[in-house]
Structure formats: C-alpha cells, structure tokens
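*Asks:* Chains as they are written, first to last, in my numbering: chain A, 1 to 48; chain B, 1 to 222; chain C, 1 to 237.
There could be a bad hint or two in this list.
[What the hints assert, rightly or not] Okay, the calculated beta carbon distance ranges per label pair:
#1 A:Q35 to B:L135: 50 to 60 Å
#2 A:V20 to C:L201: 14 to 24 Å
#3 C:K152 to B:E91: 14 to 24 Å
#4 B:L35 to C:G49: 43 to 53 Å
#5 A:W36 to C:W117: 40 to 50 Å
#6 C:N145 to A:W36: 16 to 26 Å
#7 A:A39 to C:K152: 29 to 39 Å
Please keep in mind that the hints were generated in silico from the structure rather than gathered at the bench. Where a beta carbon is used, it is the ideal one built from N, C-alpha and C, also for glycine.
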Amino acid sequence: MNFDMSPYGAYIWPAYGVSVLALGGITLWSWLRWQWAKAKLAALEKKT
Amino acid sequence: MSPFATLLVRDVKLAARSGGSAALALSFFALVATLMPLGVGADLRLLARIAGGVLWVGAVLAALLSLDRLFQGDYEDGSLDLIALSPLPLELTALAKIFAHWLSTGLPLTLLSPLLALMFNLPPVPTLVLFVSLLIGTPAVSAVGAIGASLTLSLKRGGLILPLLILPLLSPAVIFGAGAVSASMDGLGAAGGLELLAAFAFGAVLLSPFATAACVRLNLGG
Amino acid sequence: MNWLFRYANPHEFMRLSGAVLPFTAIATALCIGLSLYLGFSAPPDYQQGRTVLILYIHVPAATCAMTVYGAIAVCSLLSLVWRHPLSDTAARAAAPLGAIFTALGLITGALWGKPMWGTYWVWDARLTSFLLLLFIYFGYMALWNAIEDETKAARAAAILALVGAVNIPIIKFSVEWWSTLHQGESIVSGKLAPVFLAPLLLMMAGYMLLFITLWMVRIRTAILERRATVLMQRGTA
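Extracted from the complex, chain A is given alone in its bound form (with noise of 0.2 Å):
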C-alpha cells in the first residue's frame, strides 16, 4: 500500500481522520448505550 500522499496529504488525512472519529465515536457510542440499556434492563428484572 502506497501511503506517500504528496502533497495532499494534509488533506487527506485530516479527512480520513475525521471520518474514523466521527463513525468510530458514534459505533463506540451506540454500542455503549445498548450495553447500558442491556444492563439496566437486567438489573430490573431482577427486582421484579
């Protein structure tokens, strides 16, 4: 793979970077939430 971005590379990368931010943080987030959601469900359960 050829990672010489001359000379755009400050474009690129700023862009690539934003994207994995922005989709990996709303992955991680999502995933989180359903994990709480998962969580505070059972612990209701278990109450009940």
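Following the hints, position chains B and C against chain A.
*Replies:* Quick look at chains B and C alone, frame taken from chain A:
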C-alpha cells in the same frame, strides 16, 4: 360575515392591537437594513449588489418574529379548541391565520421595501423586482411559517426552535426572490426567478393549510 | 404490507435484528477494510492525484446522508398513515446517523475542494444543499427533544420529516438554479477509471452497511429502554 372572514378580521385586529406586530416587524426590517451597511461598509456599488439578498433575508427574519404567537395565544386561553370545533374546517382556519399573518407582517414589509432599497442604492427596475418578489414571496413565508408555528405551538419556548425548523424550508424563496433581483441587476431579466418564486409560493399556500391543520390537531388531540 | 407489520412487533424485531446483526457488522468491516486496501494501493489519479482518496469517503457519506433522510421520510409515512408502531422509534434512531453523515459529507467535501478549487468552501450547489440538509436534521432532532409527550413528539416529527421530504427536492433544484445564476463551479464530475471505481463502490456499500448495523443497534437499544421505563413505572405504581 362568513366564518372565514370573521376569523381573518379578528386575527388582524388582534395583531394590530397586541404590541403592533406590523410595527415590530417593520422596525426589525429597517434595523437589519441599517446594520448591514455598518457591517459591510458604505460602498454604494457593493450595497446595490447585495441589496436583494440582504433585504430578502431581513424580510424573512422580520416575518418570523411574530410567528410563534400565531396559534399560541388561542391555544393558551382555550379558544383554539373552540375554533377547532367550529364548522369551519381546520384547514380553512389555518388559511385564515396565514392570510392574517401576511396582512399584518408580510404586506407591510413589502410596502417598506422600496424605501430600504433606496438606502441600498438599488436602481429602479431591480427595486420594482424586489417589491414584486416580496409581494409574491411573503405569503410563502407566512404559509411555511404557519407549519412551524403549529408544530411548536405546545412548547413554551417554541420561538427558539421555530426558525431552525422553517428557515431551511424557506431557502428556495430567498434564492428565487433575491436571485430575481440580482438577475435584473445583471440585465438578465427577472422573469425566471419570479416565476419560480410564484410557483413555490403557490405550492406553499396551497399545501401548508393541510400540514398546519394536522399539526394543530395533534397538539389539541393529545 | 403484512410482512412489514410482522416485524413491527418489538419481540419479532429483536429476534430478527439479533440474528442479522453479526452478519451486517462483519460485512461492514469487510467492505470498508477491502476498500481502504484497494484505495491506498492504487496509483494516483491522472487529474486529481491522491485527492481521489477523499472522494472515497466523501461520496458514500453524502449518499448515505440523503438515503438516511429517505428512510426517515418512509418511516414517518408509515407512522402517520399506517400507524406502524416501531416506525417512530426507527426514525428517531436514524436521525443522528444521518446528521453525522451529512456533516462528514460537508467536511470531506471542503477538504476535497481546497486542493481542487483552491478554497475550502465554494458555494457549490451540492455542498450548499447539504448544508441546508444538515440544518433540517438538526431541526428534526430538536423537535423530538423539545416536545415532552413522546406520542405528540413522534407525530410532530413525522409531519416535519414529510414536509422536509417534499421540500428537499425543491431546495436542491433552487440551489442548482442559483449556482448557474452566479456561474459557480461545479464538482468535477469526470469519469473514474475502474481501478478507482471498485474502492468507491465498496466504501459505499460499507457505509450503507454501517448505517444499517448502527440503526438496528439503536432501535434495539430504544426497545430495551422502553421496557425498562415500563418496569420502572410499574415498580413505582
């Protein structure tokens, strides 16, 4: 008087009485038109070039000011429930309110616009185009605005979210209206923009009462 | 229409989505991974140099932004007209994803534009339409949050989404008309050589699969959260 006319007259009177929504809108419009040159500089050629856009945006924002009260007054004191129960279909009620709003804000703004255009050094023909475009376009602002007003009518701070909801939807009006003015400045003829604006306004006034009535119902019905 | 309503039952939806989710997740990773490998292995484009790499993440983001709004519009229609129960939940769950795709489309578009046209932001017809689309997403999400009664919020949001759906083609048309008026630049829409087409299409598939995966996760989360709320209310009752 028909129920439609009764509602119309009542709303216009209410608007005139309660803090004069026309005066408020006109002042706001004039203020925006005053602040702009302070912001961009007094180069008359530049001002003439941006006049169409500035005045169109100013008119839209000024018309927005009184929108969140379109239904709220009646909603809060219960008259909206009574109006909804009346034999007049809710869609026609919405149309009456849109018309009343236009009469008390859009129309006065349109009438003021040539004076403001003068301050922007806009030549006579583009000024006429601006006037016509606002005349055709401000009904669309009231119509689309009514949808926003009915969506947010149960919110106490609905006024904050209302511009966010309807300004994107109004962008075609600003584009066609201001575009007609700048086309006429460039000698390209304003007919295209004005026709598109008329089509947009016609569609908006025709369809908005249905969406508005649906939103009023959902807020009343619960 | 009946098959749609079968999965309106939350239990059915949980069952189906739970079964499908691992596959869509793996497919997402495969598509994106393969696309990245192919994309970074290819030689620079004749016209665009290495900036074609940005296109690989700009076009899919922009396409997904529009697709997600279409999905929200369809869900809103199902909710208003056919009273399909899960539609509201689905529409609300999709909105933040659509907003993120739109924002990414704008940012990557600007970063692609700077080397191509010299400035980060040109009032190009497509970018401007996307900016307005971003505001439409914000308004949609704000409306959901503003109205306290969930049922009312769902109905209002559905109406707003449909009004937006009617308006978006008009907005696109008006912005395009406007940009020809001012002789704006248009995005260089050259044909891409096949060596560049493959990574682009793979990334497009990857983004779509990512949306479907995350969408299902978020709907499932919403269903669980609602069950928890019901249990809590019963507990206090």
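*Asks:* To test your reading of the hints: which numbers does this structure violate?
*Replies:* none
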